[in-house]
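> In case you want the letters, here they are:
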Amino acid sequence: MIGFLEGLVVTLKSTLRRPVTAEYPEPAKRLVVADRYMGFPALTWDYDVSEPYCTGCMVCVRDCPTQCMSAKMKDNPLHAEEKSKRRKIIDEFEINLGRCILCGICVDVCNFDAIEMSHDHERSKYERNGNRVDLPQLLEMGTEYQAKTAWKPKQPAKNSGVPVKKKATPEPAATEPAAEVPVGPDGDGPQDEK
Amino acid sequence: MSFEQGVYYALGAVGLFVFLSVMVLALTWIERKGLARIQMRMGPMRVGFHGTLQPIADAMKLVVKEDILPSWADRRIYWLAPLAVFIPALMLWATIPLARDAVLANLELGLFYIVAFSVLSVMGLVMAGWGSANKYAILGGLRAAGQLVSYEIPFIMALLGVAMLVQSLNLIEIVDHQARWAHILIQPLGLFIFLTAGLAELGRTPFDIHHAESEVVGGPFVEYSGAHWAVFFLAEYINTFTIAALTVLLFLGGWQWPGMPFDGFLNSALSVVWFLVKIYVVIALIIWIRGTYPRLRIDQLMAFGWKLLVPLSFVNIVITGVVLFYGWPLWTLTLMSLILLAGTFYLIATYRGTAMERMTVSVHPARIARPEPAVALQQEAGTSTDG
Chain V
1 MIGFLEGLVV
11 TLKSTLRRPV
21 TAEYPEPAKR
31 LVVADRYMGF
41 PALTWDYDVS
51 EPYCTGCMVC
61 VRDCPTQCMS
71 AKMKDNPLHA
81 EEKSKRRKII
91 DEFEINLGRC
101 ILCGICVDVC
111 NFDAIEMSHD
121 HERSKYERNG
131 NRVDLPQLLE
141 MGTEYQAKTA
151 WKPKQPAKNS
161 GVPVKKKATP
171 EPAATEPAAE
181 VPVGPDGDGP
191 QDEK
Chain W
195 MSFEQGVYYA
205 LGAVGLFVFL
215 SVMVLALTWI
225 ERKGLARIQM
235 RMGPMRVGFH
245 GTLQPIADAM
255 KLVVKEDILP
265 SWADRRIYWL
275 APLAVFIPAL
285 MLWATIPLAR
295 DAVLANLELG
305 LFYIVAFSVL
315 SVMGLVMAGW
325 GSANKYAILG
335 GLRAAGQLVS
345 YEIPFIMALL
355 GVAMLVQSLN
365 LIEIVDHQAR
375 WAHILIQPLG
385 LFIFLTAGLA
395 ELGRTPFDIH
405 HAESEVVGGP
415 FVEYSGAHWA
425 VFFLAEYINT
435 FTIAALTVLL
445 FLGGWQWPGM
455 PFDGFLNSAL
465 SVVWFLVKIY
475 VVIALIIWIR
485 GTYPRLRIDQ
495 LMAFGWKLLV
505 PLSFVNIVIT
515 GVVLFYGWPL
525 WTLTLMSLIL
535 LAGTFYLIAT
545 YRGTAMERMT
555 VSVHPARIAR
565 PEPAVALQQE
575 AGTSTDG
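First to last, the protein sequences are chains V and W.
Each residue of the first sequence is one higher than the one before, starting from 1 at the first, in my numbering.
Each residue of the second sequence is one higher than the one before, starting from 195 at the first, in my numbering.
So here's chain W without its partners, still in its complex pose:
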């Protein structure tokens, strides 16, 4: 690597960090405002115009706050855990393009790289849970491990479906492939799997059992405070942003704009803006979902992942493969995808009523043995009416 290249990557990394930090600050504000509006509140209103400076005030508070180390903590692991979560989250962005020209490293195996690094953050969560020497933290860490590993499979399989369609792992080529038809029109099932598994990967609300406040009081982050907690927080929001960006890149056509009229620099700039708009639409959807659904139980979460999403993601691969192998037109894939999606929804609807209920603990009134009085009463009633 030459000196110029080194400078280029260093500057790029710093630029990415700044860009992502700004995006995270905006994201926290948008999330608080959005949730507040869903609950008919106003959210932050005091700091700056409609609370726009609130994230900065929060960040300053977190940096100034005391950093506490539990006396029983495993120090090295405890201090390393935030980095183990944060670095993969940042590394992902090395290969995610903001526009055709705005990418730090355009890797041929971009998707593979993303999958590899997104898996790593589980390590950090388990380390945080173990290092804290706290029962809630370790339970949360193990829950995180179980959940994230389970949902890796449908997540990666959904990525694979797109990769099969494009015949490439390069993200820019994937976006170019959607110049005419965005993949949401070809693989709606893939989008459903990807978003659902992505939410679970993030630990966003319907799937946030690993930092469920009512059960494990914040999970792996219980003992953290101040700047180290802020690093976890930053990583979590960067991951949210990443999932939204990946959804846009893989399914919603990236920065593609129907009939983009400009070229050159203006084109690139508008592409970035358009890309960000799409990302924030997906983020709005994520916030909307968070404001709507309650948290799943851990058994429901595992059942949903293993019994529904994993088989469905394999079926998605199979139908994509069949269509590609026989060279059928792509609308057949859309059709099959939609039929499967409807089938899935039907399955969820029926499943919720039957098998789900069987899984829950319930007292069976039949086991309480008191048949005699009931029979006697019936007989009495019968005789009296007869008489």
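The following block holds chain V by itself, in its conformation from the complex:
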């Protein structure tokens, strides 16, 4: 019988606690999205040279388990003007986010820090193909994510697009604007560029 009364006390206590409900669609009452949250993939933007990090190497396209991506490469006009060290640059990129399973493999395999799992997760659409996003949209998602999380490339020395002046300075890393971050863990970034 004491158990019955204990039950009543338990429910009374939980009545006096604050509700845990987050009233989702209202902007002020949403839960905070954690920094490590994996939303849909997005392409990052290199602000140093004003172009995407992506070179269109297709490694993410090949490794995608649902084959929801396609990409096309072109010669980088900025490289011809010697404003960027990227020889090739992405021309067209499309991800069908309706098929994406948010596995993050594209991010893991990317050698250029060009694709990231953004915080974007609200993509209800009325059309079946409403979630096929192209390059500008992907970059928009990516820049939004970069601004929100103060994103930095994981291998800044290797993947920065700032062109290296070959003979002017003996240590290229010292003069580069992105070089305040130490060289990547494997340390082979600068050698790769030659």
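Hints are computed from structural coordinates only; laboratory data are not their basis.
In this text, all values refer to a predicted model and were calculated from it rather than measured experimentally.
Please note: incorrect hints may appear among the correct ones.
Cut-off 30 Å, straight-line C-alpha distance, at most; resulting in silico cross-link-like pairs (DSS-like, lysine-lysine) [said to hold, decoys possible]: (1) V/148 x V/83; (2) W/259 x V/125; (3) W/255 x V/29; (4) V/29 x W/259; (5) V/158 x V/72; (6) V/88 x V/154; (7) W/227 x V/13; (8) V/85 x V/13; (9) V/125 x W/255; (10) V/88 x V/72; (11) W/329 x W/227; (12) V/29 x V/125; (13) V/125 x V/154; (14) V/152 x V/83; (15) V/13 x V/74.
Take the given structure of chain V and dock chain W to it, following the hints.
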């Protein structure tokens, strides 16, 4: 009956219907909010301020919804069943007073009338179960019949205890009798029996086996939809409100207010408000119980009703009779009642541990015959330690 009287009763019935509908709408909102808070949710929040207009939206949805008739249904019974549940629920309110002057028909046999009409709703549930031609519905209907008929007895006996105390069946006289001491102080045992049996009569949660969603998927109401389901729903909530009102009238002093300072119209108006406040306190208790306890099994339900509540209600009558016959002061009745209540709780506590467990199906490990290895192991262990 004169023409004026006819108009009076017609208007009164319409007024009651409107009053009860409003109360039911409020009740659904309070119940959803209360249950939500117990579960640390918010409940309806979207329609109106904190979901206050949600019941109206629900009602509109139910009225607009398609009314489905199963092809094998027994049509006349199927369509009559909601009325057979709803009309008794409404009829009860003809004699329930909201205040000393606010009553449609002040019957001398008020309690008797209430008992007579509250029994009728079982018919409707069985009709709904039978008419639906659905296995879940008919199981639910029969469960309802079994449960409601069983719990009628303690329910009526608890009413009888109060009637003996007051020496009247008139509800207004019963309330007047509690001007000094509310009956909860004289017959706590009676209140316990009445509330428990009342919950069972309503089919509220610890006793809701007849529309147990996990077993009979809604019981007699499985096949109903739209307006007809709404009528069942309305009747059920009116019944909840009725039981709460009866609890207040019979045990909690009705509209009595210690030292009510006003008279005339203001007195009546405040009486109604005070009465409603008390009713909603009882309803809060009912919701609290619903949010706390799981559903009883059908055998537990029957055992609890027949083995505990029925004998207890008879004992309640006997002690009331003894006290009245010998003219003992009423506090002796309180004392005996409290002792019995404590005894009941003790009984429940011990009963749960022993007889209840014996009733459940259990595999006896003793029947699995494998004594030899155990003995051998023991012997081995014994010899090894000895050596």
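> Determine for every hint whether it applies to the structure shown.
Structure-based check of each hint:
no.	hint	in the structure
1	V/148 x V/83	holds, 27 Å
2	W/259 x V/125	holds, 28 Å
3	W/255 x V/29	holds, 28 Å
4	V/29 x W/259	violated, 33 Å
5	V/158 x V/72	holds, 22 Å
6	V/88 x V/154	holds, 20 Å
7	W/227 x V/13	holds, 16 Å
8	V/85 x V/13	violated, 64 Å
9	V/125 x W/255	holds, 27 Å
10	V/88 x V/72	holds, 10 Å
11	W/329 x W/227	violated, 33 Å
12	V/29 x V/125	holds, 23 Å
13	V/125 x V/154	violated, 33 Å
14	V/152 x V/83	holds, 21 Å
15	V/13 x V/74	violated, 65 Å
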